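Student: Same order as they appear, the protein sequences are chains A and B.
Residue numbers for the first sequence follow UniProt numbering, so the first one is 1 and each next one is one higher.
Residue numbers for the second sequence follow UniProt numbering, so the first one is 1 and each next one is one higher.
Calculated directly from the structure, the hints in this document are not laboratory data.
Small disclaimer: the values here were computed from a predicted structure and weren't measured.
Be aware that a few hints might be false.
You can't tell identical chains apart in this list, so a pair holds if it fits in one copy or across any two.
As the list claims (entries may be wrong) - Below 20 angstroms or equal to it, Euclidean Cα-Cα: the simulated SDA-like pairs (lysine to any residue) are:
hint	residue 1	residue 2
1	Lys-510	Gln-528
2	Lys-437	Lys-536
3	Lys-459	Ile-502
4	Lys-459	Tyr-434
5	Lys-451	Asn-112
6	Lys-20	Glu-181
7	Lys-17	Glu-181
8	Lys-478	Asp-364
9	Lys-47	Gln-528
10	Lys-141	Glu-463
11	Lys-17	Asp-203
12	Lys-20	Asn-182
13	Lys-17	Asn-182
14	Lys-20	Asp-203
2 protein chains.
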Amino acid sequence: MTIEQKHHQFQQYLSRKDSKRYLPAFWEHGPFPENLNKKLNLLDPKKQILLSSGVPNKELFSIKNISVNHTLDLGHENVGIPGDHVLTNTFHIGDESFSKHMSTKDKDYNSNVPIESVFEYADQTYGLSSTIELFNKLVTKFNYFREDILDNNQRKINYETIITSGTSASCFYLTQMLLDENKTILIEEFTYPVIIANVNMTDGHYAPFNLNMHATEENGQNPIDVEYLNTLLSNWDSFYPNKPYPTCLYTIPVQNPTGLVQSSEHRQEVYDICKKFNVLIIEDDPYGNILLTDEVNKVKDNEDKSPYNAFVNQKNDYLKKLESAASYLSIDTEGIVLRCESVSKVFAPGLRVGVIIANKFFIDRLKNIIECTTREISGPSMTMFNECCYGMDVLLKRQLQVDNIDRLDGWIQWLMNLSHRYKLRQDILLSSLYNTKAYKDKKLFECIEPKFGMFLCIKLNLETLKPQVLESSLSMQKCMQYMDYKLLEHNLSAIVGTKLSIDLDHSYKKSGFIRVTVAQATGKEQLQLAAHELGKAIEEFFDEYLTPSQEYEVLL
Amino acid sequence: MTIEQKHHQFQQYLSRKDSKRYLPAFWEHGPFPENLNKKLNLLDPKKQILLSSGVPNKELFSIKNISVNHTLDLGHENVGIPGDHVLTNTFHIGDESFSKHMSTKDKDYNSNVPIESVFEYADQTYGLSSTIELFNKLVTKFNYFREDILDNNQRKINYETIITSGTSASCFYLTQMLLDENKTILIEEFTYPVIIANVNMTDGHYAPFNLNMHATEENGQNPIDVEYLNTLLSNWDSFYPNKPYPTCLYTIPVQNPTGLVQSSEHRQEVYDICKKFNVLIIEDDPYGNILLTDEVNKVKDNEDKSPYNAFVNQKNDYLKKLESAASYLSIDTEGIVLRCESVSKVFAPGLRVGVIIANKFFIDRLKNIIECTTREISGPSMTMFNECCYGMDVLLKRQLQVDNIDRLDGWIQWLMNLSHRYKLRQDILLSSLYNTKAYKDKKLFECIEPKFGMFLCIKLNLETLKPQVLESSLSMQKCMQYMDYKLLEHNLSAIVGTKLSIDLDHSYKKSGFIRVTVAQATGKEQLQLAAHELGKAIEEFFDEYLTPSQEYEVLL
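Using the sequences and the accompanying hints, generate a full structural model.
Tutor: Following this line, the structure appears as structure tokens:
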């Protein structure tokens, strides 16, 4: 199929409103007759005098330069306590002569970024070219398209990257593009509920697809219930006689809230079904680079290696592990995958920088939506991310005491360090949880041990110990509300499963879990305390709920 | 009328979709029974362990601190050349111990802003509390509500402020809130066309209202043709039988593109009509603080005054002048004004920080839209703006060599300096334009001399010299396309009036102008060159167009 045919085929996925989103290009000139065109081509574009748009000249900006101190070093064994000697790098954005605090020897890394490129309107409403370029380099670095396979290398040229102000904005744009009253999106039965608000705004429909909560790395089962998905799409009208046939599917492959991870093989199974039924896949993956295994960061057989060789070993290990749960893009022969990423979980949520990677047809439509809606993204945010990312290389070279490394290896080291910290946090919480009376003696819960990400799912053993709450959606909702009361009573803020279901009538039997994250806790001591209190809250819940000692009436 | 009655009445202005925008508050807890509530109130909220949301702990951020050098000093007479001794202030965000370049004596102003408040999720999706607080202080400082009048002081408490990622985003949210297929918005016949894209997305309708292009400061005429507006709203069905009756009006009071300014009296006239016909007013005012008069910055009778007293004099002058063209909020007895501001033109567009001030009913609905769509705004952008704004006070104190000034006087000095620069730029362009042969000898054009803002409107004398182009919308479009060809041939990028009209059939007779801005030019020399080339381009246009010497065929 030619690109044109393909694009014609993609047209059917668009919201009927898409063609109404149109910004008259008042800033454009032309069309030009031939003889004028020739003349204009002879002019020096650098000498053009710009009287057209209200872009303040750089002399009119108060901020003359910005210096940023950042690190690659996240400390080592003691969660929450940074190492004694934190190696930092300083970079400077803007005119050096305005920085009083700088001498030549201080200059670690000069970004060469003029201040106006941060504070003027960006060169594009969908992100600074420099930031897009950086993400394209990372796509190559992480080998999203498996360029080692010839076909995929060819395929890559049909994709494009745009920057957004985070995945919330991305999901908003995507649902605006793809949904209307005649379209349905499939969503994992438990999810991050903002997507529902996005869908409702479009008048579109949604329906859940099932998770397999028993999938583990050991048993190798797919965390997506692919059998259900296949049956659902084969017999749509019998499941949902009043909803239009689905045109897209939304998945968080390192699942929020359950922490279940789709391996590359699992994604292939889901992809094959979507391909068969002409369903687009929105892959929302903010956690994919946080790898929770011990092996990568352990020095194995590395004693006789140089720091540089040890790093290369670790890097190869890390990249190989990521490849075992590779993006849907890596298998997207049909151009039906739209991938969302974010720097929120791997750099800083306050920056508001996210990314969409998809085929050019959809990216063009997204650019148009951005033009017509929110337009630009923060210049300081984008530039700080760029410069930090490149600055990580300076830090890594210093750390490894070498002059040359592969470009952006510093970013990989950062991600490995970050993964290590999350793994440490996870280990502390898990081992403390497994030490509680509630677990050890009473078997009141079990945990889904995630291999990626920052969430942990504590499944209550309701089937055996409180089977009556499984009778209806309402009884489950009440039960988990009581669980939440007990958590709050122990001064714990967590989220119970019933609040993360998109259709409780569909999913209530599986909703007996608590989602916790290790990201926010202050350190080791607090994580241990959290586990202890979680254990007690769960014990009290089982002791009290629906017994004479139930302390509180449940309000919904 | 009580607030409740008022809110009930406001309900009618909302888009029918507004109630569909709803985010399930999965992060909230409760409702609680009484006995639990009592218990929870006894707990220490600071000791609550947060396991609920994926907010990375501050130890997981790479950036440890940010130092910013900024100035209040924009140089004096030579546009484009900063003064020799630019006074700068440095502030630091985050942990000082990570900044290698700092010694105690370097510390001009310590922001006391911890790094996590920049890089974590913000405390609200509609802006950091600290930034909202700052804008509220500015509202008081600039006396938007004319608090000197008792009633208005009372009125103020019904209003609220939210932060957005700029006025483009604000206008997108506002149109989403207010428009659907059953609603019409009135828009100035010439405007910044992004609003049209916003409106189209909602299925809403729009219609132009007329500008009075002959209004000047001297003749005191209202730049809004209030007679037309009144007639239009009194006889809507005869003007637009197929469009719903208007529910809101969009105005740029320091008009883009014409540069026409609505004084306080003019706004009262427009307000009275809108009030009478139950029409909301969206006031989009990014230029209102850029005051283009000589007087403020001139030292008059100040020779014998201290620098501090001279500043106070200038400040009072400046504020008085602003009051002569005060916000619609100052007269908004009905709560029907929604005001948009932006820091783009007075600080830096790349920051992406804008503001909406409106009554609480509408602000609540806007907060909900933000929750359901784009969510948060850049932390570094908001914090840098806050700290620069407060840092201006440090600079001003140093400049005036006093220990105390009124808080945020520094920001006023900044705005006065900026106004002065724009005025200088404007003067250079205008005096050079008035010196061209095209103006002096041939009277080919006249200029609207703006008293605020950054735009300048060059009206071509088509009525006398090319009356045939006034015959139809098409002939005007072709004529101005030829004008654009001539501008481009002279390596000038400007925007011709026909491209800024929202309904050319309605406005073609007034479209014979060129919008230029002085913001973007590099300096004095370039502005003089621009005027020279503008003059030549206009001469050639009149010499050639529709004569045998016409060089190019016109393509549309």
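Student: Look at each hint and say if it fits the structure.
Tutor: Here's how the hints hold up against the structure:
Proximity of Lys-510 to Gln-528 under the C-alpha cut-off of 20 angstroms is found in neither arrangement, the shortest distances being 27 angstroms within a copy and 73 angstroms between copies. With identical chains, the CA atoms of Lys-437 and Lys-536 are at most 20 angstroms apart within one copy only, with a shortest distance of 8 angstroms there and 89 angstroms across copies. For a Cα distance limit of 20 angstroms, the shortest separation of Lys-459 from Ile-502 inside one copy, 18 angstroms, qualifies, whereas the shortest one across copies, 59 angstroms, does not. With identical chains, the CA atoms of Lys-459 and Tyr-434 are at most 20 angstroms apart within one copy only, with a shortest distance of 13 angstroms there and 79 angstroms across copies.
Taking CA atoms no more than 20 angstroms apart as the test, Lys-451 paired with Asn-112 passes in neither setting, with 39 angstroms inside one copy and 38 angstroms between copies. For the identical chains of this complex, Lys-20 and Glu-181 are neighbours both inside a copy (15 angstroms) and across copies (13 angstroms), given an alpha-carbon limit of 20 angstroms. In this homomeric assembly, Lys-17 and Glu-181 come within 20 angstroms of each other (Cα to Cα) both inside a single copy, at 10 angstroms, and across copies, at 13 angstroms. In this assembly of identical chains, the alpha carbons of Lys-478 and Asp-364 never lie at most 20 angstroms apart, being 47 angstroms within a copy and 30 angstroms across copies at closest.
In this assembly of identical chains, the alpha carbons of Lys-47 and Gln-528 lie at most 20 angstroms apart only when taken from different copies (14 angstroms versus 65 angstroms within one copy). Taking the shortest Cα distances, Lys-141 and Glu-463 never come within 20 angstroms of each other, neither inside one copy (46 angstroms) nor across copies (63 angstroms). Taking the closest pair of Cα atoms, Lys-17 and Asp-203 come within 20 angstroms of each other both inside a single copy (11 angstroms) and across two copies (9 angstroms). Taking the shortest Cα distances, Lys-20 and Asn-182 sit within 20 angstroms of each other both inside one copy (16 angstroms) and across copies (17 angstroms).
Proximity of Lys-17 and Asn-182 under a CA criterion of 20 angstroms is satisfied in both settings, with 11 angstroms inside one chain copy and 16 angstroms between copies. Proximity of Lys-20 to Asp-203 under the C-alpha cut-off of 20 angstroms is found in both arrangements, the shortest distances being 16 angstroms within a copy and 8 angstroms between copies.
When the structure is compared with the earlier hints, violations turn up for hints 1, 5, 8, 10 and for no others.
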